[in-house]
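As they're listed, the protein sequences go chains A and B. Sequential numbering from 1 applies to the first sequence in our numbering. Sequential numbering from 247 applies to the second sequence in our numbering.
The set of hints was computed from the structure by calculation and includes no laboratory data. These figures come from a predicted structure and were not determined experimentally. Don't take every hint at face value.
So the derived label-pair ranges between C-beta atoms look like this [unchecked claim]:
1. A:191 x B:534: 45 to 53 Å
2. B:403 x A:189: 45 to 53 Å
3. B:253 x A:109: 31 to 39 Å
Just so you have them, the derived chain B footprint on chain A, three or more residues with Cβ under 8 Å [to be verified]:
4. 50 to 63
5. 70 to 83
6. 88 to 98
If you want the ones that stay clear, here's a sample from chain A, every Cβ over 10 Å from chain B, calculated [unchecked claim]:
7. 7
8. 111
9. 168
10. 212
11. 220
Don't be surprised by glycine CBs; every beta carbon is placed ideally from N, CA and C.
Here is how the chains run, residue by residue.
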Amino acid sequence: MTPRPIHLADLTLAHQRRPAVHHVSGRFAPGSLTAVVGPNGAGKSTLLRALAGLHRPDGGRIEGAAGQVALLPQAAALDRAFPIACLDVVLFGLWREVGAFRAVPSAGRDRARDALAAVGLTGFERRPVGSLSVGQFQRLLFARLLLQDAPVILLDEPFNALDSRTAADMLALVHRWHGEGRTVVAVLHDLEMVRREFPETLLLARDCLGWGPTAEVLTAANRLRARMMAEAWAADPADCGRQDAA
Amino acid sequence: MRPAGRRLIRDLLLSPFIDYGFLRRALVGCWALAVAAPPLGLFLMLRRMSLTADVLAHGILPGVAAGFLLAGLSLPAMAAGGLVAGLAVALGAGALARATGGREDASLAALYLVALALGVALVSWRGGAVELTTLLFGSVLGVDDAALLLMAGTATLTLAALALAWRPLVLECFDPGFAQAVGARGAWWHMAFLALVVLNLIAAFQALGTLMAVGLMMLPAIAARHWARQVGGMTYAAVGIAALSAYAGLLLSFHADVPSGPAVVLAAGTAWGLSVLCGPVDGLLARWWRRPHLAG
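Only chain A is shown next, with the shape it has when bound in the complex (with noise of 0.2 Å):
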């Protein structure tokens, strides 16, 4: 369970060579809960993609995530109607143990009714996903989280879509993991949450603004710095050509 240090190592990645995310360095310690903000467009899904092993650095590294990460993605980037029951979705949570062809054990179905019991979805086993509202299939994600129990748990926006009822128990939930010692970093938007419940901040605008503690990331000059590099955008930028020590 004790999660690895995940190292960035000047790591750039892009979209069709625009740089999403621009020679970033630093560390995720282990055990850290680390709340990733930044406007849109900022990099801040793409660098948990690369986390989570889905997009390929385009300079620099990323060492130490392979293999202990779990993603929740953004909702909206699924098929809220496809005809599967919410049970089978949790189920998915246990490939790593089951893979393609083992049976799943029937404790690992117990672990899945306790995963939904504990995102507040009793009762919800045979229902099909399409019958979820878009605050319930978020949840049925991170009951599926549950399942993977990895070391390492990225979530992309997880309260977005949630009432505050709900919200306040998923936040439960990341308590819970960083208590049980694991890596969580969360993409988030809700500044004033950030303050509250998270302890380091990484600033992103493309460029890394800041990352450490969140009082000394977040001030008033840092957001307008974030503010000012995410809206540039040239209409015709020569090759980067930078090389940082990593």
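Starting from the structure of chain A, add chain B where the hints point.
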């Protein structure tokens, strides 16, 4: 029921299959495919790849035509040619999808137009209108022993492969990002899946024709959406609809003297229309007939 009525029904519905061996063979072959192809169509539909199925069906035509040019109406030559062409198009369509970032519909349309034109040109070069019609739209007379074995073998292989690959295929359809993140080798399963699609189209082309073979795969799958809410139930519904369509279509082909491919596809199309109208899930009648809401 009066004896005359019973005899009429017997003459219409059963006698053709009792009296004519070739029709019986076609029915058995189509039923084999009706069990195997609709589940594939279901996954194609769920991945929003219904158009890709059409492209593959058109894509095998130039290969089949090349086999026909080299060896005449010989099943092994045409099937081998179709297999090569179909796999090439499957790979090409996949590459197009990646190159266009998922916005491949225009390129796919271009691809299947070219494939159709090339296939028709190749067949017309040496063959006549009869051969062209047979290749495009199928003929029940084309189902000889070799074709029947190909159909049965394909169905067996497909069912075994689907039983093995069910879980990764569902996961890859529902959440490809998750599949990739947990190392489910989704892309690999997907390629094997497309190879099965090509194989089923080739097994069907003798009976149904290259252009119509895709109908038995897609239409029952699309219709099944209106009968069940989960992949499992949809599969059973699709297989049932396909089997009925094959039976009704072959009867139509016999009585009305139309090529078997269009007849089976018309039957499947009727089943689809009825499903849209009467199906319990999102059917039009169910929507019009507003029952009072439930208590909770």
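Each hint, compared with the structure:
1. A C-beta distance of roughly 49 Å is found between residue 191 (chain A) and residue 534 (chain B), which places it inside the suggested range of 45 to 53 Å.
2. At roughly 51 Å, the beta-carbon separation of residue 403 (chain B) and residue 189 (chain A) lies within the given 45 to 53 Å, and the hint holds.
3. Remark: the range hint 31 to 39 Å for residue 253 (chain B) to residue 109 (chain A) is contradicted by a beta-carbon distance near 56 Å.
4. Counting residues of the segment 50 to 63 of chain A whose beta-carbon sits less than 8 Å from any beta-carbon of chain B gives 3, enough to reach three: the coverage restraint holds.
5. As drawn, the segment 70 to 83 of chain A meets chain B at 8 residues by the rule of a beta-carbon pair under 8 Å; at three or more, the given contact holds.
6. Under a criterion of three residues with beta carbons nearer than 8 Å to beta carbons of chain B, the stated coverage of the segment 88 to 98 of chain A is upheld, 5 such residues being counted.
7. Every CB of chain B lies more than 10 Å from the CB of residue 7 (chain A), the least distance being 20 Å, so the non-interface label holds.
8. For residue 111 (chain A), the condition that its CB be more than 10 Å from all CB atoms of chain B holds, with the nearest at approximately 16 Å.
9. The beta carbon of residue 168 (chain A) sits about 25 Å from the closest Cβ of chain B, which is more than 10 Å, so the claim that it is off the interface holds.
10. Annotated as non-interface, residue 212 (chain A) keeps its C-beta farther than 10 Å from every C-beta of chain B; the closest such distance is 28 Å.
11. No Cβ of chain B approaches the Cβ of residue 220 (chain A) within 10 Å, the least distance being about 36 Å, so the stated non-interface status holds.
Figure legend: structure checked against the earlier numbered hints; the only hint not met is number 3.
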